[in-house]
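K.L.:
The lines below spell out each chain.
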Amino acid sequence: MSSQAQGGALPPLSRDWFRGRAWRDHFRRDSALPGFGLTLGVSLFYLSLVVLVPLSATFLKSFAFGWETFWQAATAPRVLASYRVSFGCALLAALVNLGFGLLVAWVLVRYRFPGRRVLDALVDLPFALPTAVAGIALTALYAPKGWLGSHAAALGWKIAFTPVGIVIALVFIGLPFVVRTVQPVLETLEPALEEAAATLGASRLTTFRRVLLPALLPALLTGFAMAFARGLGEYGSVIFIAGNMPMVSEVAPLLIITKLEQYDYTGATAIAVTLLVVSFVMLLAINLLQAWTRRAGERR
Amino acid sequence: MSAASNPVITETRGVRVLLIALACLFLGVVLVLPLAVVVGEALAKGLGAWWAAIDEPNALAALRLTLTAAAIAVPANLVFGVCAAWAVAKFEFKGKQLLITLIDLPFAVSPVIAGLIYVLLFGAHGWFGPALAAHDLKVIFAVPGIVLATVFVTFPFVARELIPVMQAQGSDEEEVAATLGASGWQTFWRVTLPNIKWALLYGVILCNARAMGEFGAVSVVSGHIRGLTNTLPLHVEILYNEYNFVAAFATASLLMLLALITLVLKSLVEARAAAAARAAHKAREHNS
Amino acid sequence: MTKFRLALLSALTVAVSAHADVTLLNVSYDPTRELYAEYNAAFAKHWQAAGGEAITINQSHGGSGKQARAVIDGLEADVVTLGLAYDIDAIADKGGLLPKDWQKAHPYNSTPYTSTIVLLVRKGNPKGIKDWNDLTRDGVAVITPNPKTSGGARWNYLAAWAYGRETLGSDAAARDFVAKLFKNVAVLDTGARGATTTFAERGIGDVLITWENEAYLAQKELGADAFEIVTPSLSILAEPPVAVVDKVAGKHGTLQAAQAYIDYLYSKEGQEIAARNFYRPRDPEVAAKYAARFKDTRLVTVDEAFGGWARAHAEHFADGALFDQIFDGR
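Chains as they are written, first to last, in the working numbering: chain Z, 756 to 1055; chain L, -17 to 270; chain B, 560 to 889.
These are calculated hints, taken from the structure and not from any lab test.
Predicted model only: the values in this text are computed from it and were never measured.
Glycine is no exception: its CB is placed at the ideal position from the N, C-alpha and C atoms.
Just so you know, not all the hints are guaranteed correct.
Said to hold, decoys possible - Examples of chain Z residues lying across from chain B (beta carbon under 7 Å, computed):
1) ALA898
2) LYS900
3) ILE994
4) MET1000
Please put together the full structure from these sequences, using the hints given.
P.N.:
Below, the structure is given as structure tokens:
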């Protein structure tokens, strides 16, 4: 489909938060336009200044004492346990967000009900609320004396100060990534396909599974990856609710801080670099996947 | 929206209500309740106490610093975002996916690391530390460091917002303009900008919201000097650590208020954008 | 871009030209907020009365280790008032900002006030906690911050260790004792204030191990009738030290003011302020006046019980040392 037709059928809304659709869209190779050198130059310069040079400083620092030291610092038992907590909780939270993010996006796009606009606006809030405030509020809520925590405690559940608390904090942090990725794609889906499926006698659930889900998959994947990567590095909101017990509920970013407090920059940067590489590889893989599906879509 | 009204492709009423209820329950537990806690605690001792916590020299100094940092970080990232989106969306080049991923990267970098990298660069024992000290320039534990950390964490917002929109729009219109003899700047101002202005605004709004709320990265480079290098989120932490819970939550609610204002603005922007798009759509149909 | 650079430049100039009047920066640790809020006002009055110029004292508070690191990395503190000598040692060793024998610069090992580690329990002491050994009983939930991230928590840990060694006779037994105690820890916050909030506001745990001054402050701020302070039979003499950061103060031209700032802590008024904020004063007269507040108990020092902070750190808190072993072996 051409961009013109798409722009005509539905507005190319500004809501498009990392949207998958655009990645699939064709765009022409062209040299008729000016400004390539200037814009790419400025972008690369600024990118280097703000992101690349500082990050490479971290890399160099962590390798300053050799691979051996780096490897030891990055794979000590406590550190490995913290990876397990960080990766496990981030994964779980991203999965929760995958399901509920899709649900929220679906409800916000497809249904009209009172309060919809308010809910829609609220979805961005975790971007804006300081993470420490989020952490404090969630702890107040889920601690055994809190509004929700007291009910959970009555059932014998412990939420705050366990890994479950970490997952809740990460769900809060990661939710907008999934919702804002899926929403625009859902908005631009052509109803024709669904209509055709319905006409052919497919049930609503089958249509969803066979028609909608494949179209949403790239966006879902992107949202999932962003939420996961964000959760991996989260610190501010987690430390309040985690309990921070070594080997049980101690997250990797907390260990970075712990190492820093002991003037152990090598150890701190070793963990930092490990987290960074994982996040980077995941994001790159997702972006390549997007580019690939877009090209595959063009060939079709 | 056509899909919502088309009976063939919509769910039964029961399913609809169930899904809406489920989504509301989820958002209620995950988003609304934490907000309610903040507001509830902030107003626990009445509006007077709330105002007293905000109308206080250190809180106002923190507010000023927060706004200053955002006022520098947002325009900087705006210029970068437009440049990056133009380069990525209008041209085909090798390593583009790598570039996009690098633009995404600050989203995924732990805020702790985001602060740490500037300490490694500009700290007294960092790469540029001695040179800065020789000229008596301060970067970390001063305003520039806070600005840098803010720039880093809000880095992708505008670019990430613009790239998909500009890619979707293609370059047809710009090419026509170029063929008609318009200069690059003219093309951008007259053709591209009107097409992306809503996306641009949304990116700026989100970027701003995040800039005002950043805690982790700024905490590492701030030095926490009251009235000088404390931002509003850090001020919240200080008050909380002084067992001054009402004031802490009052300040937090001020941040929330700032965020909500920007989010309401965003909703208005979206409504206008949708209206504009509908109008354009109608005009196009009318013409054809 | 240019806009950004211009703004950055102007911000830099602002940062540089901020020293007009005499300004001191006191970089301190978390529990001294209230103490220095009161002391700074008193000192400013005293300084001007003694013929000095108008003086502004800026405060920065945070975890002791974090604050020391900030000073090493370039936070320009004229004065540091931290939680343990180890952190100022680090400023001397790694930052080279003050002489290595800084602790000799002022009386009493440069610690104008002291404190100790006590146990804070809920009203009526429902678990009947009287001493350290009660903390290792089954079913007692203990709250303490993490010794790796909190200076105060290191005092907690060492106090428990000293008790274990004293009553059980050996370091090996003390290790088991401390391991057992930490098995009962429910939440390991990153800082002392976080731990107090967890205990008092969130209602977690039966006992909070904390500084004596923090325990009194918690009673004052969070409800006098909600908590009781239990002073154990043996504890540690917590000595939070103070120092002038010579290199920085020299550069700022504030050496004299910084020196006076520290000296005044030892004056009658300085000692009174410390005592009012629940720190044990060094001055015998002031100490006698507040004797009722500070219970007598056996106090050991880090130097005599653990051979000084450098050794205590290497043996207990360094990566892979005893504290890590206790947790890794769980």
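K.L.:
Look at each hint and say if it fits the structure.
P.N.:
How the hints compare with the structure:
no.	hint	result
1	ALA898	holds, 4 Å
2	LYS900	holds, 4 Å
3	ILE994	holds, 6 Å
4	MET1000	holds, 5 Å
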